[in-house]
Amino acid sequence: MRPEDERYFERIESRLDEAFDRAERAKAQGRDPEPEVEIPVAKDMADRVENILGIDGVAERVRELEGQMSREEAALELVTDFVEGTVGDYEGRAGKVEGAVRTAVALLTEGVVAAPIEGIDRVEILENDDGTEFVNVYYAGPIRSAGGTAQALSVLVADYARSLLDIDEYKARSAEIERYAEEVGLYDKETGLQYSPKDKETKFIAEHMPIMLDGEATGDEEVSGFRDLERVDTNSPRGGMCLVLAEGIALKAPKIQRYTRGLDEVDWPWLQDLIDGTIGKDDGGADADAKDGGGDEEADDSAESDGDGDETEEGSERDGDAPDSEDDRPAGPPRLDPSEKYLRDLIAGRPVFGHPSAAGGFRLRYGRARNHGFATAGVHPATMHLVDDFLATGTQIKTERPGKAAGVIPVDSIEGPTVRLANGDVRQIDDPAEALEIRNGVEKIIDLGEYLVNYGEFVENNHPLAPASYVYEWWVQEFEDAGAPVQALADDPGVDLEHPTPAEAVAWATDYDCPLHPDYTYLWHDVSVDDFAALADAVDAGRVVAAEADGGVVDRAPGDGSEADRAGAEGDRGRDADALVLPLSERVASALEHLLVEHTRREETIAVPEWRLLVRSLGFDVEGGTLDRDWTPEDLSARAHEWDDGESALEAVNEVAPFEVRERAPTRIGNRMGRPEKSESRDLSPAVHTLFPIGDAGGSQRDVGEAARFRDDQGRRGVVDVRVGDRLCPECDAHTFRTRCPECDAHTEPHYECEECGRVVEPDESGRVYCDGCEREVTSAEWFSVDVGEEYRDALEQVGERESAYDILKGVQGLTSADKTPEPMAKGVLRAKNGVTSFKDGTVRYDMTDLPVTAVRPSELDVTAEDFRELGYETDIDGEPLEFDDQLVELKVQDIVLSDGAAEHMLKTADFVDDLLENFYDLPPFYEVDEREDLVGELVFGMAPHTSAAVVGRVVGFTSAAVGYAHPYFHAAKRRNCFHPETKVWYRDEADEWHHEPIRDLVEPRLDDPDEDDFGTLVQELDGDVYVPSITEDGEEVLKPVEAVSKHIAPEHLVRVETRSGREITVTPDHRLCRWNRGIEKVEVTEMDAGDNLAVPGDPPIDDITATDALEQAHADGGRSSDTIVTIEYVESDIDHTYCLTVQDTHTLLTNRLYAGQCDGDEDCVMLLMDGLLNFSKSYLPDKRGGQMDAPLVMSSRIDPSEIDDEAHNMDIVRQYPLEFYEATREMADPGAVEDAIKLGEDTLGTDDEYRGFDHTHDTSDIALGPDLSAYKTLGSMMDKMDAQLELSRKLRAVNETDVAERVIEYHFLPDLIGNLRAFSRQETRCLDCGEKYRRMPLTGECRECGGRVNLTVHRGSVNKYIDTAIHVAEEFGCREYTKQRLEVLERSLESVFENDKNKQSGIADFM
Amino acid sequence: MPLETPVRIVRELAGRGYNAEQTAVTLIAGADDPARALERVVDAADDDALRITAEDVRAALVDGTAAAPSPDPEHPSTSGGIEDENRQTESDIDSENSPVEAEVSEEMESAARDGSAVGPTDDTGGSDATSAADTGASGATGAADTGNAPSAADAAGRTVDPSLRSLEVSGDITGQSTGTGEYGDFVKVFRDRYEKLSKQLRGRVNHRPAEAIQSMNGGSDAAMIGLVNDIRSTKSGHWLVELEDTTGTFPCLVMKDRDFAGLVDELLLDECIAVGGTLSDDAGIMFVDSLYFPDVPRTYSPNTADREVQAALISDVHVGSEEFEADAWGRFADWLHTEEAARVEYLLIAGDMVEGVGVYPGQDEELDIVDIYEQYEAFSEHLKDVPGDIEILMIPGNHDAVRLAEPQPGFDERLRDIMTAHDARITGNPSLVTVEGVKIQMYHGVSLDEVIAELPEEKASYDDPHKAMYQLLKKRHVAPQFGGKTRLAPEEKDYLVMEEVPDVFHTGHVHKLGWGKYHNVLAVNSGCWQAQTDFQKSVNIDPDVGYAPILDLDTLDMTVRKFS
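If you're matching them up, the sequences are chains A and B in order. Counting in numbering that gives the first Met the number 0, the first sequence runs from 0 upward without gaps. Counting in numbering that gives the first Met the number 0, the second sequence runs from 0 upward without gaps.
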């Protein structure tokens, strides 16, 4: 580690120590549950791995290997150790394999999940039919938590060990192969897979897998076909096996391939077929083998047989080889095949920005902007505005390549979009302000501009390099190679290398025999040879007109924005202010548009101001003001004509132009919107200021003031009976619930008395309190009559506040931690006063979407260079002393940027902490902030949701973007949790169908392309077409779209709640249910008690059409329906996974007939350091295990780059990609081929440079350009969003609006319609009065329980809501007959079900 | 093949003190003459043997007379399956024949067995050309006068006298759908179900309304007819069946050791049953002593036609699918023109004329004809290949372009206009069709999936679809269970109840061929005309493609012809 890094960390740590000291002093006063800070510092990963495995020597070996290689490589390296017996103490060969496999999984999961232990049951060596031996790995369900990559590598590791041990491969019997296919299918149906391999894929894998994948039965359902196989123990699906095969091997094939290549002993050639996706498309593996194996040869052969000039063969491989020499060039340019996977499940409201590889879509440019990291995509801010603000910083998009999804970041050093205005003018927009100005006049977005993706992203996804756009950074290297004095030119103030004048461009191209400068390289590959010829003809007929002579309207149109300025500037440098005027024809205009040549259109002519290089490229001579050409289309070679089937004029250009012209933008990347960005404070609902129980006395608001004045039945004022922890004073033996003895001020300790036998029990070493006599866990919770009034008055007095300092102080109804330790109420008073609320663990939190950034300007962070120098930044990225606010500075790894909202929230928190220190602990204040600048340099905890480890970060500045920018290394992994899989939820699916199904059935089928974190959590964003009934804080029932679904590794305990009317729900302990108390409160289930009223749906819960009924009934009822909790208990978790939804706005949904909160969002959160140290206590956490998620149980004070998620390691950190990289992209090489030429983060691991040198190739003027919020968030209803989506699709050249409409119908409306119709015809019914539910309509007609009115749960209105819209959209956008017919058939079905044959005249309107 | 024979065989063997392996039983059942085979097996069995094994049976059968062909080696155990046979004769006898029915069954039996006397027919030019290979046929136990009707028919070809024909339809929803999807409609339909079916049960028990039972004294006897509302097993393994009538519900406990406890396995939710028993001491529960289904009377005597006339029962044509077997259909249509088919005057199609659109996601990629109307046009063309004088009746299925919820109305005007060939009768699903006096209950069969899924394999499976149909006959309802796979459209009355006992029950949907008699009612599931789809392959279902069961309406004797 370099001294400056050491200094940096020491700086952080010294501030941390300072805070720790202060906190320890405060804690030592014994006012908190524990007399010390409860957040310890974490150990390293190697230890964790060894501990979880229990294999001695692993940690040491891991540490040894860590510095030298990646974790995956280390896992493979360890195989050798196991086989040789140097690590581990295994007897048999099976044991060695087992040890290696377990270690690999542990290593890859960083020793934080149970997968290596519980996910691999055993390894066996069995016999093939031919008598040879093979290895059988027996997986179990918990392997899921390992994640796909680790699962897949576990197989590879087993195979490696197998080959080292000289055991034969597994030869699957044909019945076994079929069984795999059926079983994976069944498992997918029953439990769901994030990737569902086609049967052919599964069989292909099973056939080639050198290891037998086996496992325990995990489901009840049985396969129907291939049963009772000799070598398969069960007829049920083997969940672990299915996961490994589908989500591991099938899904992660590219990743495995990276490692198989490095191993001589292991060769899985068949992976290539999986990667190519030819399995399941072609007829079988054999075909695919032949095709792919021979791919290269074929291309060569065909080229050879074609002969030299005679390239007549049509339809040659588009993805053929790149040209090496004249002779064996293919007949078309290199291209990757379009992939439309990202368009799958397109739903209403999230626009498509480009169809797969469609011209006019984003142009791939390689490079890493400073705010680029992993899974990010740079987009020009002008584009963000022009796509009607649907894109904002942090908005997630689903993309064609290289990954699946990316967060949008603004980069303005790339080319902006090109548009055609209503008056026919075509302009490239490179300025966001200009984009806003002309936005209303845009008729067509001809081109979306460039799309910046870093090389590391291709490495991370192991995606072949796509041909690169011809850009400055490539050209300049070629220019230099050609012998040009690049350095001299760069130093010449009269020359702008990046944007030369036409004359310079021509001169450079011809003098140095270098390809034409990209500025003047038009997109010839996007126009056909015929159009090219037509354009040349038009030029023949055109004339050059001086701008002035032309009336001054052409070139220098007023208000021309930057273009005019540039033209002006160039004019000064000697450019002639004239224009080429061509006769107007649509063909010519469209050719110019496709070339991205700016022009203006007048009644009969087209004027091209920047024409010189255009006509030269067209083979014209520009001597003496006349335009001449010496070629005719007939002169073009056959090759030029046939190039890319005549669709690309590139070869033609190269034949007639006096210089070489490169392909300007060969790779277009399609994408569509995913989920919008986020930045908001995390509040419990209702907000909680103090974790002090006040029972029902505080009313629905849990108002402590009200509770203090409340008079109970016995006439006691302010006294409530609540369960709180019984504590004992060690000094005077007094019993109290307080953490400090009211008698002698000593710190009290929990007193555990067994409820059964009254024996006093002491906690054992592990903290467990267990009564041996009664064989039960003991808690200290007891019933106390607490005088809330007195507590309240004391609290106010203690901190010297009056009740008027705030509006309301909210407590909790009851405590749900095991020992029910209440928080000192004074803390709540101060929170209320400062306007912050408490999370369940006593901390104050703020959530933000993560974005990476490696270099910043103090100015864009609203701070000064001086601030930065004080933070220890000394130089800018070039090593110059830091003097000015706009110098670019490399961000240190633990420095973070707060969004404006977060900063404001942190300020309040700092005030709260200071108040707390001064008035509660009688210590000096710690922060003393007045304005947000004072927060600079302060430390925070960063936490990913549902993890249990916090990372210390330092605030360095602020941004207006609604995201949290930080160093990529800072952003940690994520993990979430939630509902029991069987929890039934109401939802309306994409087809507008209502369902009432287990949440698993909602989530699983939609996990088609989820993001996965290291803990195995899968998150899939939805496009808002799935709706759930939800409830607002006012108790209003509304339908809200589901933003994302997720699947989580289940904690060890769940909480089961049962209500009086028999409702039952099982959730993770941190889950919130909606408590009804004249208002909706979202309360964590662990904080609820028997007797609490839960909000239940009033009347037809889900039907917005019958909402009027519902309203009436609600009025009739005189309020919300509610149901009372009878029992609430912890249950051992018997499941592997829990599920959750993210619901827009209200974050509540209807589950098992109860309203419940969703789990918390998936954004990382920050909390102020001192707040965490002072206020966090495990004693507040519900239950022992599940409740500890999301709690900072440990913290890392410094980041060890080797121990973070390795996607961050695949980030490239260079200033320029070398020429060979660009050339490799033309060959569509594997990213690994140029890995040596481009430095990645992983290359610096373990070196002195591991914390620095994160160079970038592109700058951006500000990291918060473009709209602050996505239009998706600002538009109102789903219909508004859909209208905007369709309107945008018409505007974009790269988008086929019919296809968009088709997909919206196919993936949104139709499933919704069909599903709801299905749901209608087999629905349950509910009593409007008591909420009792009936599987079938009672014969009595009325409620059997209460005699009340029973009604349907799925009504006509919710079934056919979308039919008219869908039919209308299908018509308007010219959808396929097939789609229209489906709608027609459906419409008739709806009529048939909902209309009386004998009373036909009644229209739908009669029923609405 | 006698479908309930295995049961009989087991009983028979048990009566003689033998236990038998499952395979052994099926082997015997599969023999040409199970009775004789059984005799031989018993004779051959070792005196000490307690258990008859498959081995024993094979040995005994091989040792037996050469006159008895050994069971088809490839399909030793398919009861009802006839994959390899070119034709086969229905010869099922109700296994539970009682002496009272002797007369009827005698007649039935002889009639049934006569079929085998008919000469060989090979319509396909397929693999096995001789009827000698007809191993499934039940052996020639003597010829009677009726069975060989087809071959004895006028050699002159089709002579049709339309005036002799009659075809009436009842229970057709088409044009009668009055439901508007209101809650009340649902209540009505279930009440109607209860009324219709409880009527069938009134004679068996002395029904007291649930409300009345609730106020009865503990220990008293009670009986109730109700829809099954809930079935739970208790901790001790007994069954708690909650019955509901129009006054409320009452829990009925079926003790696991009662001999009818097995019937609980057969129960589907929302079917109507009657129970009799004793109330518990606290009158909170009824201990069930007897349990009844609406059922078909054992002595049911089916109606027959007055003349020698036949009907072809087919279903699941799936025109438009890539898998549609046009050739098989062509052979079938050609055969109908032959002399042999001269008596076939009716063609009854039980749904799924076409493959449809949007039946499952991504279906368009597997369609031969993507346009739904063109599919029906193509179907209509195929229908034209059938002799013009054949009377055709069709009901829709789940692939057809009508509502999926049952009852499904017949095709609408637009589709009728397309399918003008033969002026076919188009009616709803289900419909009760009376053809020259023979009542044929037509139902597409979506509920079979559910029956097969819910009931134990031996009572209903895809291999023996007719067994699932027996269950429906027993329940006298084509789709009892609500809320599961079957979709219900609420109407004024429950069109899905089999109010009258049909003589023939004809379904399709599961693409498997199977038939048999249940209390003298012939249940036929008639295979399909669509080759195995990818989906079926994935779940290992091998459809029976290109079979046409031909029913003699005068004898209810059935012959299955194969055209694939």
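It is worth saying that the hints were derived from the structure and are not from the lab. Hints are supplied without guarantee of correctness; some may be wrong.
Said to hold, decoys possible - On the chain B side, residues computed to face chain A include the following (Cβ under 10 Å):
hint, residue
1, 181
2, 225
3, 226
4, 243
5, 245
6, 246
7, 362
8, 371
9, 386
10, 486
11, 533
12, 536
13, 538
14, 540
As the structure is a computational prediction, the values presented were derived from the model and not from experiment. Where a beta carbon is used, it is the ideal one built from N, C-alpha and C, also for glycine.
Evaluated hints:
no., hint, in the structure
1, 181, "8 Å, holds"
2, 225, "8 Å, holds"
3, 226, "7 Å, holds"
4, 243, "6 Å, holds"
5, 245, "5 Å, holds"
6, 246, "7 Å, holds"
7, 362, "9 Å, holds"
8, 371, "5 Å, holds"
9, 386, "31 Å, violated"
10, 486, "4 Å, holds"
11, 533, "8 Å, holds"
12, 536, "8 Å, holds"
13, 538, "6 Å, holds"
14, 540, "8 Å, holds"
The earlier numbered hint that this structure contradicts is number 9, and it is the only one.
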